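Those protein sequences? They're chains A and B, same order as listed.
Quick note on my numbering: the first sequence kicks off at 2 and runs consecutively.
Quick note on my numbering: the second sequence kicks off at 2 and runs consecutively.
Possibly wrong hints are sitting among the right ones.
Put simply, identical chains are the same to the list, so a pair is met inside one copy or across any two.
[To be verified] Computed cross-link-like contacts, SDA-like style, restricted to lysine to any residue with a CA-CA straight-line distance of at most 25 Å:
1. K197 / Q131
2. K197 / G227
3. K128 / G190
4. K239 / W103
5. K197 / E124
6. K128 / T193
7. K239 / N106
8. K128 / R140
9. K128 / E194
10. K228 / N106
Think of the hints as simulated: they come from the structure by calculation, not from any bench.
Remember, it's a predicted structure, so these values are computed and weren't measured experimentally.
Residue-level listing of the chains:
Number of protein chains: 2
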Amino acid sequence: MKSLERLQRLFLQALEASMGEPEWNRQPDRLYAPQRYILAMGGKRLRPILALMGAESVGAKAELALPAAHAVERFHNFSLIHDDIMDAAPLRRGQATVHERWGLNTAILSGDALFVLAYKALESAPKSAQPDLYRVFTRTALEVCEGQQWDMDFEHEDQVEEGAYLRMIRYKTSVLLGCALEMGVLSGGGSTELAKALYSFGLELGTSFQIHDDLLDAFGDPQKTGKQAGGDLIQGKKTLLWIELARRSPDHLHQALALNGTERVAFLLEALETTGVGAYGEQRRRAHYDLALEALDQAGQLGASIGDLRELSEWLFSRDS
Amino acid sequence: MKSLERLQRLFLQALEASMGEPEWNRQPDRLYAPQRYILAMGGKRLRPILALMGAESVGAKAELALPAAHAVERFHNFSLIHDDIMDAAPLRRGQATVHERWGLNTAILSGDALFVLAYKALESAPKSAQPDLYRVFTRTALEVCEGQQWDMDFEHEDQVEEGAYLRMIRYKTSVLLGCALEMGVLSGGGSTELAKALYSFGLELGTSFQIHDDLLDAFGDPQKTGKQAGGDLIQGKKTLLWIELARRSPDHLHQALALNGTERVAFLLEALETTGVGAYGEQRRRAHYDLALEALDQAGQLGASIGDLRELSEWLFSRDS
Chain A
2 MKSLERLQRL
12 FLQALEASMG
22 EPEWNRQPDR
32 LYAPQRYILA
42 MGGKRLRPIL
52 ALMGAESVGA
62 KAELALPAAH
72 AVERFHNFSL
82 IHDDIMDAAP
92 LRRGQATVHE
102 RWGLNTAILS
112 GDALFVLAYK
122 ALESAPKSAQ
132 PDLYRVFTRT
142 ALEVCEGQQW
152 DMDFEHEDQV
162 EEGAYLRMIR
172 YKTSVLLGCA
182 LEMGVLSGGG
192 STELAKALYS
202 FGLELGTSFQ
212 IHDDLLDAFG
222 DPQKTGKQAG
232 GDLIQGKKTL
242 LWIELARRSP
252 DHLHQALALN
262 GTERVAFLLE
272 ALETTGVGAY
282 GEQRRRAHYD
292 LALEALDQAG
302 QLGASIGDLR
312 ELSEWLFSRD
322 S
Chain B
2 MKSLERLQRL
12 FLQALEASMG
22 EPEWNRQPDR
32 LYAPQRYILA
42 MGGKRLRPIL
52 ALMGAESVGA
62 KAELALPAAH
72 AVERFHNFSL
82 IHDDIMDAAP
92 LRRGQATVHE
102 RWGLNTAILS
112 GDALFVLAYK
122 ALESAPKSAQ
132 PDLYRVFTRT
142 ALEVCEGQQW
152 DMDFEHEDQV
162 EEGAYLRMIR
172 YKTSVLLGCA
182 LEMGVLSGGG
192 STELAKALYS
202 FGLELGTSFQ
212 IHDDLLDAFG
222 DPQKTGKQAG
232 GDLIQGKKTL
242 LWIELARRSP
252 DHLHQALALN
262 GTERVAFLLE
272 ALETTGVGAY
282 GEQRRRAHYD
292 LALEALDQAG
302 QLGASIGDLR
312 ELSEWLFSRD
322 S
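Excised from the complex, chain A in its bound form (with noise of 0.2 Å):
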């Protein structure tokens, strides 16, 4: 993964730099501050990559595309920042989260700020890719908003099929992967044709991602994925797990409402089992997964060079963590 640490190295450096600019050092203080705050937290710092590996299938320059990077990496912690205070988050990545730190008001402006800074690393993006960019941006955080939305919906549903939880993470996390490849073919000067090819990839490789965070969350090491094991679990959160356990069996989500915390995590662990759900799961990661190389494949076949992308595929695949 030597292009991988190559991006992620270029964009952090893009990133560090970019925090030295008077852009970025502007008052009041205290509504950039929670900004550079999240920024720095950390991450694989995926959707950033994604746009600079859509330049290079491309032919051009990664460079070329870290406007675009910056635009989805911010609209990324914009968005955290903001789903955050809606699932009244504590914590993120171990550290307290920014409407913990400095209060609900401050969080909910500095996180619009952040949104409006994405926009505006646009304004740096290559000319002639820029009409593109904002509609594709735009789309994709409208789209963004109702999956959050739907989200928020399937809390005071007793009942979420399957079909409407695909659609709802779709828009939620696959669009920003689509979003930034997209973004970064464009940014390239790639075929609209090919910038749409590999939208499809980022939207498939999304979802298996985000079934992926399921199954983690589920039979995930704690000491790697860094989460309370069968978090999702215990709040009830609707995940596809959950989905397809209420769909095969009921009953066991009624015996463990009668359960504590750990005694609920455990006999729910041990039901995705017994019923075949976290077999089930694995077996629906992959097909995403299978949809993602075959949109690659056919990016390929319209001239991309889709080398690094099959490896950081690969490399997301196999996580655990």
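Given the structure of chain A, go ahead and fit chain B onto it with the hints provided.
Then chain B, alone, in the frame of chain A:
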């Protein structure tokens, strides 16, 4: 004010027509209903009208500036949704605020989505103007966030300088009026120089407008303003009047703290009169109005037709609500 009414009607018709478009009827409805709700609440529609007048001032059809008009009106309403959360305001124009009616989370998220739709509106603007429109809009959006943060910061400060207050209202209120005019001119194919002249006009008009609001809060007729008389004074909001009273006669503010709501307002209104602070506010309001008219004349010398904008200024200056 025939032009005002004509352009108000033009915008309201466009607003109503847009509500029938697929864009406003997407799912989940819970995300879009709050946006339609606040956009339908009414108001003077000052910002979109300024955009339309900006286009007409350079001899272009107002219709060319409709996308810019939608953008500033949507942005304004997005900021109202989020500001109402931050102010914990239960009512706006006598109706429940979005967070009161739909809850905090949907208010945050529908605000975010309305902000995206503001950008989306620009996709329909004249192609050649788009790069400038995006740049001006993004710069302004960031400044409005900064203004709101300054306003919140003031709550925790014992003393606020008039200069800091003027900077705050310039960012929170005035820049969006300037932006509406600048985007209107650019949409109509006007020069950058002319756009800047009308931007300056908008800045001063906005500052005069906000001081006018401060004065109406204290001395206006509640029957006409639809607001509690002295609402700002009761809350201890740092308006121009509060700041000048604190400078001239801090004793009055201390004594006021010992009184209850109704008595406090009566006492402070009296103090504003006897100390001459009310007259000072009136004088500051007129000073910024005069600066606005000066900037407007400059735009006229650059070739703009400024008759409608002058009439609009006079109407705003003489408003009692």
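Here's how the hints hold up against the structure:
no. : hint        : in the structure
1   : K197 / Q131 : both (16 Å within a copy, 24 Å between copies)
2   : K197 / G227 : neither (35 Å within a copy, 52 Å between copies)
3   : K128 / G190 : both (11 Å within a copy, 20 Å between copies)
4   : K239 / W103 : between (30 Å within a copy, 22 Å between copies)
5   : K197 / E124 : both (22 Å within a copy, 20 Å between copies)
6   : K128 / T193 : both (16 Å within a copy, 19 Å between copies)
7   : K239 / N106 : between (29 Å within a copy, 18 Å between copies)
8   : K128 / R140 : both (19 Å within a copy, 18 Å between copies)
9   : K128 / E194 : both (20 Å within a copy, 22 Å between copies)
10  : K228 / N106 : between (27 Å within a copy, 24 Å between copies)
Hint 2 from the list above is the single one not met by this structure.
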